[in-house]
Amino acid sequence: MSIKLFSFNVDTEDPRTIKLEASGSAYILKNRELVPVPTTKREFNEEQDIFDFDAEFGDLFNISFNDLIHGEYIIEVYEGDVQASSPILKVYAYKDRVKGKSGVLFKIIGEDGALIYTDNMYFSPPLQDRIGRIARALGVDRKHVESIVQKYMQAI
Amino acid sequence: MLESKLFLDLKENGEVRVDYKKLRNASAEDFARIADKVRPLLMPKLGKDYNLYLKTRPELREGEELITYTLSACPYCNSLLRAVVFKRDGKVWIRKVCPEHGEIEELYFGDYEMYERFRRHQHDGRGNLNTHVPLVAPCPYNCGLCPRHKSHPALINIVVTNRCDLSCFYCFFFASRAGYIYEPTLEHIRYMLRQARRLRPQPAIALQITGGEPTLRDDLVDIVRIAKEEGYTHVQVNTTGIKLAFDADLARRLREAGTNVLYMSFDGVTPYTNPKNHWEVPYTLDNLRKAGLGVVLVPTVIKNYNLHEVGKIVKFGLKHNDIVRGVNIQPVSITGRMPRKERDKERVTIPDVIIEIEKETEGQISRYDWYPVPSVVPISRFIEAVTGEPKIAFTTHFACGAATYVWQENGEIIPITRFIDVDGLLKFLDEKADELEKGKNKYLVFLDVLVKLRKFVDVSKAPKRLREGKRIMRLLYKVFVRHDYSSLGEFHYNSLFLGMMHFQDLYNHDVARVMRCDIHYVMPDGREVPFCSFNVIPDLYRDRAQKAFSYTIKEWEEMTGQKLIDLKYRRNIKKLLSGEPYRRHYEGLFDIDSIPYEDHVLASKKFGIPVIE
Ligand code: SF4
Ligand code: SF4
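Protein chains in written order, with our numbering: chain U, 7 to 162; chain V, 697 to 1309.
These are computed hints drawn from the structure, not numbers from a lab. Small disclaimer: the values here were computed from a predicted structure and weren't measured. Please note that the accuracy of each hint is not assured.
A partial selection of chain U residues facing chain V, derived with a Cβ cut-off under 10 Å [as the list claims (entries may be wrong)]:
(1) Asp17
(2) Glu39
(3) Gly64
(4) His76
(5) Asn126
Using N, Cα and C, we set each Cβ at its ideal position, and we do this for glycine too.
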């Protein structure tokens, strides 16, 4: 299964102010452990990537490519391949410079590529509840998810 | 199980058609299952219905100043293009380049200063927790609603028929021109209404029943009842009002079934500017008075046609504001393809209409009295923060619509801004909502609101009824401190709501606007599609979905024993002109006696409505 992740940074005033940055990583479940998926970086290609970008962030941040092109923006694409047939955990760390807020959001992709779980910046429960939910859904130790989150929280 | 014999007809050209006559007795649950199967077949397809041309960035020229970039569709092939929004000569324009069809430039907003003032009031929604379709295509080819949509619905539209008793020259929608009859059964309507109420955290509570001409359905009153049963607290019917001019009982029955208000087209005060229903409106208004059913007048404004009459339309509303609750003006949305020169004759935008009203009312309603739709978000935000319950928030794009409230006293028009510091109050409520969201003690915030609210109101300048006993202050305290909205009717008493919504077309289309849209249509396959996708790209949404669930005209005529052609309205102008209501309603707005009978007849016929002579 091929995996696509994005990082972006946007600064726009029209039609409303958005100053948001986010970057993601993916983990594959192997022997009840979450193992990072290696990825390679490439440039964003509008026509090729617009749909995947919107699909990745439409539900997480309620944001789309069209929001980004309204102002200054950078998008980078990270691609990887995994052989094993197990779920993938995507972790996105973000910083909202308008609200002065930062955090971590999750997505789980099933073995067949279908979306199993997604967070949402506006409606998701507190981080600790979500960590528990992710650990239960993947059948891993909660501490393991916590340590991944810690790493990102320190980075932002 | 009905869906096992889905009666599905897949034509070679990819057209999907359900054999609708076999579904006349299907239940709402049957329709839910059928819609689930048909929906994916009807979604727009990349490469077939549209292409992506995102590499070409339209250039700016000398004298032009960049405002922003956005995405937009090509008026000729529906493809998704990059567009630039820019300032030139004090106005705002949009330009895009299609590799197949060249450059397209259009006026976006007729006044840059107003654009900037409105932009400062933008508030976005938080999206929806659940949606009707997964994210499978770029916006606007994924309607809807898809997970990236930013607003919850403020108003759901449901088309209950595409039959119409008129044949307006500019309309391609009505049955005889479309070539099929779309008229969902009551159970199908129930299914659609349920679909539109599914969204969380904020399901729709307001519904507009529309057509075609909905009053042509004998079971319209039942549809209103079903809407109420399904949880819609506000139901409005969109009509020309013609049938209601002759059927007082229908007005009464609609009111009794729970219709809250009618939306009635009204394009001007003279027969020249409003050949659609000029002669019938006085009789309709009288019948609505008898039924106690309020009405909002809905003028479509075209530059070279009726822009000069918008002030008079507002005055007509004020003259009859015992029954007219509002005037909701719609600058024209250009349907079909039209060369630039022709478009320039018609094109008018929100600022152009606002400035014209300012001129025609001699400044009594000034441009600064208008606020963009999302400006009221601080009110719902504050109430939501206090009550902890989700509230309807009007989070459209600021360029989509504007509104104000006016009262009339001793011949003088008093806009709300004359006695309420609207900017100050909205800013104050936004700050209080921030404080509440950050966890500040509710009672301290209330105390502050209680003390400071008076700062924003000049009671001495309020209309008499709101001035007496400082009623306006009591009202505001009730709403913002006690959250008691029962007395809001008193605020609206004698007031006239003035609204404006500039529905898009493919020339000025902006993805940033449609993805914030809060006026949606529920379609027969259960999708909820923003107005400006449903009507702006009708071949991919409205027409495709409705045709799939339609009868052929022959089937419908056999089924009902009626002939479509026999339903066409024929106007008796002589009779309508000679009735007392006609003069009473138009007196003082134009010189009634100066228009010869022949001109009346010509105006009606030119528009496409035959006359009984
Ligand atoms: S208009 Fe809304 S529902 Fe339609 S594709 Fe765009 S975001 Fe999705
Ligand atoms: S209907 Fe059109 S103009 Fe109105 S809010 Fe929706 S996108 Fe904007």
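We went through each hint and held it up to the structure:
no.: 1; hint: Asp17; verdict: 12 Å, violated
no.: 2; hint: Glu39; verdict: 30 Å, violated
no.: 3; hint: Gly64; verdict: 3 Å, holds
no.: 4; hint: His76; verdict: 5 Å, holds
no.: 5; hint: Asn126; verdict: 7 Å, holds
The structure does not agree with the numbered hints 1, 2 stated previously, though it agrees with the rest.
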